[in-house]
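Based on these hints, arrange chain B on the given structure of chain A.
Those protein sequences? They're chains A and B, same order as listed. Just so you know, we're using full-length UniProt numbering here: the first sequence kicks off at 1 and counts up by one. Just so you know, we're using full-length UniProt numbering here: the second sequence kicks off at 1 and counts up by one.
Check the hints yourself; a few may be wrong.
Said to hold, decoys possible - Listed next, the in silico EDC-like pairs over lysine to aspartate or glutamate satisfying Cα-Cα at most 20 Å (straight line):
{"no.": "1", "chain 1": "A", "residue 1": "Lys5", "chain 2": "B", "residue 2": "Glu598"}
{"no.": "2", "chain 1": "B", "residue 1": "Lys331", "chain 2": "B", "residue 2": "Asp52"}
{"no.": "3", "chain 1": "A", "residue 1": "Lys371", "chain 2": "B", "residue 2": "Asp337"}
{"no.": "4", "chain 1": "A", "residue 1": "Lys371", "chain 2": "B", "residue 2": "Glu346"}
{"no.": "5", "chain 1": "B", "residue 1": "Lys375", "chain 2": "A", "residue 2": "Glu393"}
{"no.": "6", "chain 1": "A", "residue 1": "Lys5", "chain 2": "B", "residue 2": "Glu346"}
{"no.": "7", "chain 1": "A", "residue 1": "Lys5", "chain 2": "B", "residue 2": "Glu353"}
{"no.": "8", "chain 1": "A", "residue 1": "Lys365", "chain 2": "A", "residue 2": "Asp352"}
{"no.": "9", "chain 1": "A", "residue 1": "Lys409", "chain 2": "B", "residue 2": "Asp376"}
{"no.": "10", "chain 1": "A", "residue 1": "Lys14", "chain 2": "B", "residue 2": "Glu440"}
{"no.": "11", "chain 1": "A", "residue 1": "Lys27", "chain 2": "A", "residue 2": "Asp300"}
{"no.": "12", "chain 1": "B", "residue 1": "Lys373", "chain 2": "A", "residue 2": "Asp403"}
{"no.": "13", "chain 1": "A", "residue 1": "Lys8", "chain 2": "B", "residue 2": "Asp248"}
{"no.": "14", "chain 1": "A", "residue 1": "Lys8", "chain 2": "A", "residue 2": "Glu393"}
{"no.": "15", "chain 1": "A", "residue 1": "Lys8", "chain 2": "B", "residue 2": "Glu371"}
{"no.": "16", "chain 1": "B", "residue 1": "Lys373", "chain 2": "A", "residue 2": "Asp352"}
{"no.": "17", "chain 1": "B", "residue 1": "Lys631", "chain 2": "B", "residue 2": "Glu598"}
{"no.": "18", "chain 1": "A", "residue 1": "Lys18", "chain 2": "B", "residue 2": "Glu440"}
{"no.": "19", "chain 1": "A", "residue 1": "Lys371", "chain 2": "B", "residue 2": "Asp248"}
{"no.": "20", "chain 1": "A", "residue 1": "Lys8", "chain 2": "B", "residue 2": "Asp52"}
{"no.": "21", "chain 1": "A", "residue 1": "Lys273", "chain 2": "A", "residue 2": "Glu302"}
{"no.": "22", "chain 1": "A", "residue 1": "Lys119", "chain 2": "A", "residue 2": "Asp142"}
{"no.": "23", "chain 1": "B", "residue 1": "Lys375", "chain 2": "A", "residue 2": "Asp403"}
{"no.": "24", "chain 1": "A", "residue 1": "Lys319", "chain 2": "A", "residue 2": "Glu302"}
{"no.": "25", "chain 1": "A", "residue 1": "Lys342", "chain 2": "A", "residue 2": "Asp352"}
{"no.": "26", "chain 1": "A", "residue 1": "Lys198", "chain 2": "A", "residue 2": "Asp186"}
{"no.": "27", "chain 1": "A", "residue 1": "Lys409", "chain 2": "B", "residue 2": "Glu440"}
{"no.": "28", "chain 1": "B", "residue 1": "Lys375", "chain 2": "A", "residue 2": "Glu445"}
{"no.": "29", "chain 1": "A", "residue 1": "Lys8", "chain 2": "B", "residue 2": "Glu598"}
{"no.": "30", "chain 1": "A", "residue 1": "Lys5", "chain 2": "B", "residue 2": "Glu371"}
No wet-lab data here; the hints were simulated from the structure.
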Amino acid sequence: MASFKPTKIQVYPKLGEKVTQDTLYWKNYKAPVQIKEFGAVTNIDFSPVAPHNYAVTAFTRIHIYGPFSQEPVKSFTRFKDTAYCGRFRSDGQLLVAGCEDSVVRLFDVSGKVALRMFKGHTKAVRVTDFTSDRYHILTGSDDYTCRLWDIPNSTELTSYQEHTDYIRCGITSKLNRDLFITGSYDHTLKLFDARVNKSVMTMDHGQPVESLLLYPSEGLLVSAGGRYVKVWDLLKGGQPLVSLKNHHKTVTCLCLSSNGQRLLSASLDRHVKVYNTTNYKVVHNFDYAASILSLGLAPDDESIVVGMTNGILSIKHRKSSEETKEISGQQKRRPAYRVFVKGKNYVPKQDDYLVSKPVKQHLAKYDKQLKRFNVSKALDTALETWTRFRKPEITVAVIKELDRRGTLKNALAGRDERGLSQLLNFLVGNLVDPRFAPVLVPATEMILDIYQSVIGQSPVVDVQLQRLQDLLEREIGYQQDLLEVLGMLDTMFTSSLPRKEVPCSETFYRRF
Amino acid sequence: MVEHGDIRVVHRGGSKINFREPVLSHDSRLLLCASGECVKVFSSSTEECVHDLQGHTDLVTGVLLNPSNHLQAYSCSADGTVRLWDFTDGILIKVQLHCHHVSVQPLSVSVFVYLLMCMCVTLTRLLSSSQGEYIASAKGLHLEVYFFKKQKSYRFSLKEDNKKGAKNTFTCLSCHPKDDCIATGHEDGKIRLWRNFNHKREYTYSTLHWHHSAVSSVRFTPEGTNLLSGGVESVLVQWRYNQETQKDFLPRLGAAITHIAVSPDGELFCTAHSDNKLTVIQSCVKVSAVIQGLVKGESVRTDLMVDPRSKALVLNGKPGHLQFYSLQRDKQLYNLDIVQQEYIHESGLQQFEVVKAAFDTRGNWLATVEERKQKDSTLELNLKLWAYDEQTQSFVLNTTVSGPHEARITAMCFCHTADSQTTMLVSASQDGHFKAWQLESNHYFYEGPFWSCDFVGAYHSLVPECCCFSADGSLLAISFQEVVTVWSPASWELLTTLSQPPGAIRDLCFGRQSCSKYLLGTTAKNLLCCWNLLTCTLEWSTSMDVSLLLSDPLSENMAAFCSHAGLFVFKPSEPRPLFSHKAICSGKVTRAVFAPREEMLESCEESSQWLNRSQLYFLTQYMDLMTFITKAEEDRLMASSKRLVIDDSVAVTPFYLLLGKHRQQQQEKQDRSFSAERNQLPQGSVAIKELLHTPAHVLPSASFLCSMFVRSLLISVTDKEKKSEEEEMESDKEEESECEMEASTMGQGQTAEAQETAAPALTKAQARELRRVKKLDHSWLSSLLDS
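The shape of chain A in the complex, shown without the other chains:
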């Protein structure tokens, strides 16, 4: 004898972004920790040595946070005005920072008071960095100059006055102590060589340059300015390699993932985008609450730190492998394997007489009702709050099944105010969903037919019906707009296609 065949729940393909390796990798972070700073967070720099503390420059302070602390490990507060660009030396011992008052300060990470103060700039110093030999400091300022300073003597070595606007970003080579690159609001990037005391390469970015990044090999340079991120090939004399326009506001910060495979860019449009560095396609996207000014990535991508204009520092830590497992483990039911397997792994002996027990078919609640032909009850069960909101496809499948049985009208009829408003609520939520519309539109027509007479008797139902009407009007408007757009596109395509010289103009297109 045949058993009852349960209602088939249609599996719809998941909409939205595709799940790729990148999505899995970049989604594997915990919920962000948010720390309120005193002002906009302008710079984040990770210490290159072991605990990988990071310096956060915000307003007049620089805070140093440990990898997992939510309180600053250390604070430098001796700034007269807004501090800029706190950066660690490659041994993690010293920290340099510029300031609005044009003084560059050098701190010992363990100390509190500035070890050296470099005075010479006339305007705010926005860029500071150590050279790779650790004895010099590069600074760039709003007075259009960039200078090199000697740490032991605390003297200015050279000053370069080639830029014609504010210098807002700069980076030193990690491989050569004499090379450094600066970017300015005069739209240019300049590669300076300290040995010849002038710029050896100039590249035009086209927009005020906000951020610079050198690849570990230092063959490629990435610059960000305006809405563009541009990649330059330094080995080919500063030839532009690729120009990316994926943000819709100024890109403020660049960062490279630890293995150099992915490039991250942060922008005032509140997004952080992740690019693949082989084909420069966006592979992932993070959303934040406010415009982003600074971005930092811990070594091994252990955490992503983002500073925003509203002074909030957001830290996301990577989930450890145990945590990932733990979460999936929590979803399982507690009484585990042992209970369910009880007696099942018993191997019958040779002479044992086996009595087979019929396997009981487990049916969902709505299926049990359908089996008994209780159509109204089946619909009620399918309309239970949890199902209705979380799994609308189940409700739709039951409605479809009832329609197939020709008993949908009976199931829909005879509902009280509560039941009807529940039903209408579901329809308002799902009617215009293209996946459900073919099933729900006839059902809605049926409901309107059945309950025509009760319109005006209950304010609750009337409100729902009004909502339904509004929804449909809006949807019709959308559809009309879309058709118009489609018509426009068709004309454009037709005019752009070259005329074919084939007697039979067959149309074919490949679908992926």
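What follows is chain B alone, placed relative to chain A:
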């Protein structure tokens, strides 16, 4: 045209077994049912066909047990004869000739009555009562009861419609075997129990209502304690007679019940179902056997196909299923559930139906299309792809594409190449597009291989009608109304179009093997065209009204069925047809298929050579499955059927043949080796016979009999001693009567004694006892027999 005498069109299985009520034999072991031109005898326990009773030359219209001899059965047929059979051995006993239409319906215990009825079609049911006093018939809204003794008939009528709009038309009736009660079933699902019908006016009836649509069969059990009813709901309902509120149900019998039969002892029920199925039910509780014939609906929507693996014929089965039907064994192998939805047994519901199916060359993939069209809503279409699973030996659903096209799918075919790495399916639809589906191996979201759309093509927004792959899979021909387009599946380029001569293309077929350069098509203007694809020109065309064109996958041969049921078998390269036959059946041939043979025939005759590798099966308008058979093959079949003489009512299963042969051999061996010893055994001993034939409850206790039984088996007593014993026994006769009472009471003690004195020779007392026991047995037995 040459008629070939040695090739004949024959019915090949798959006839209806639910046409008339099945009959269960007296011992409930055999089940008889009318099936086409013969009566089939099934074993009710093993579901196997024991034998066919062949002899009628037309449709058998009824089968009935002979009331006077329960080993005989009558059958009547539309050929105008009534035949009497010994159904256990399958021997025809008697033939009675009658006029044109004979239908045996009445059931009577005392006399066998058969009626000649030309009107049998219009009468719903005709039954006579248990005692043969009256006969009841129902037609339309009238119930008529005719009393034999009074020679009078009463007519009871119901109103055409009662207030609720229900229909009162009679659909079936059954007479109570003991009481004067007639149960009738009605169109609206009610059952009426009529009583007191020997008066014109004072008749009464009570109504039972459970069925929601027409009751198709009612039947009283032989004792009259229960009433069985069934209908389209496929639920067998058992009503207690006189306690009608109590009812038992046996639900989910699979398809609408058309007939119910009960074995004479009331143990087994048998229901016939609309899907050509007989179900044997043990006392309304358990389905013990299912005999499934070829399921035939009104039409076969899928083509006839042959499963490349099992070589079974595949076509629409039960609603929403595909059936695999073994042509060799005339038996349904299994049903594949395509729709996988609960079937609602209700008339007038639009349900999903399988409309297209296709196998790939190796039988690894099966593609099915199911559709459901409601009156005013959109068409629902599903394309399903099934992978053959080696472990479970069946097809497993791999991909479901809901809504593969916007309109009905007109044609679907797999790419035929045997050695290609990629499998391809092409579907053409009325929405003006054709789509190519390909197996993809990996995807980020789904595990394992799955099917996805590879290409969508169209031609001048015309509707594609047929599609066909060439033998090597390098070309795809699709007909768009009057134009045949040829595509290259590798690059999806339109290679060429063929539009001469004009006329809408109805059928399209590539040649095979040496003729693979030819493309054949039939047009609506009664032309059969053959294009040469090398030159892209019309090779030849002939005026012929072809309704069906198909190619033999194992040879170059093509078969063309004309609309007047003519058949031409030809090679595209040769001008002369290999075989032609006029009017192979009445009506049009709707579907046909070439089925590969299990073993090749070695026929040298030119006319029958085309049947060597494969056999041509076709379905007629009336859903008869027919085939062509050569003379030689027929002779061989006859010879083999004669060899299999079955003396037992047990069905001849392969298992039985194997085991039975083995057992026979063993028996022969034993007989040879033990024949000497066995002769010495006292087989004919009266005592043993008596002992074994007396019912157990009248025998003395076993412990008492044991020793005597054992002793009787010993051969130690010589003839002389026996004689002397006999003399003694005679002399002791007087004492017997006195001791009778004691024997039964003292039984226990005496056995103990008997065991102690286990001497080879019998003592006098013991011999006397033995005789006393014998005497005792006889008296009990005789009393038992008398009562």
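Exercise for the section: If any of the earlier hints don't hold here, list their numbers in rising order. Expected result: 1, 5, 8, 13, 16, 20, 27, 29
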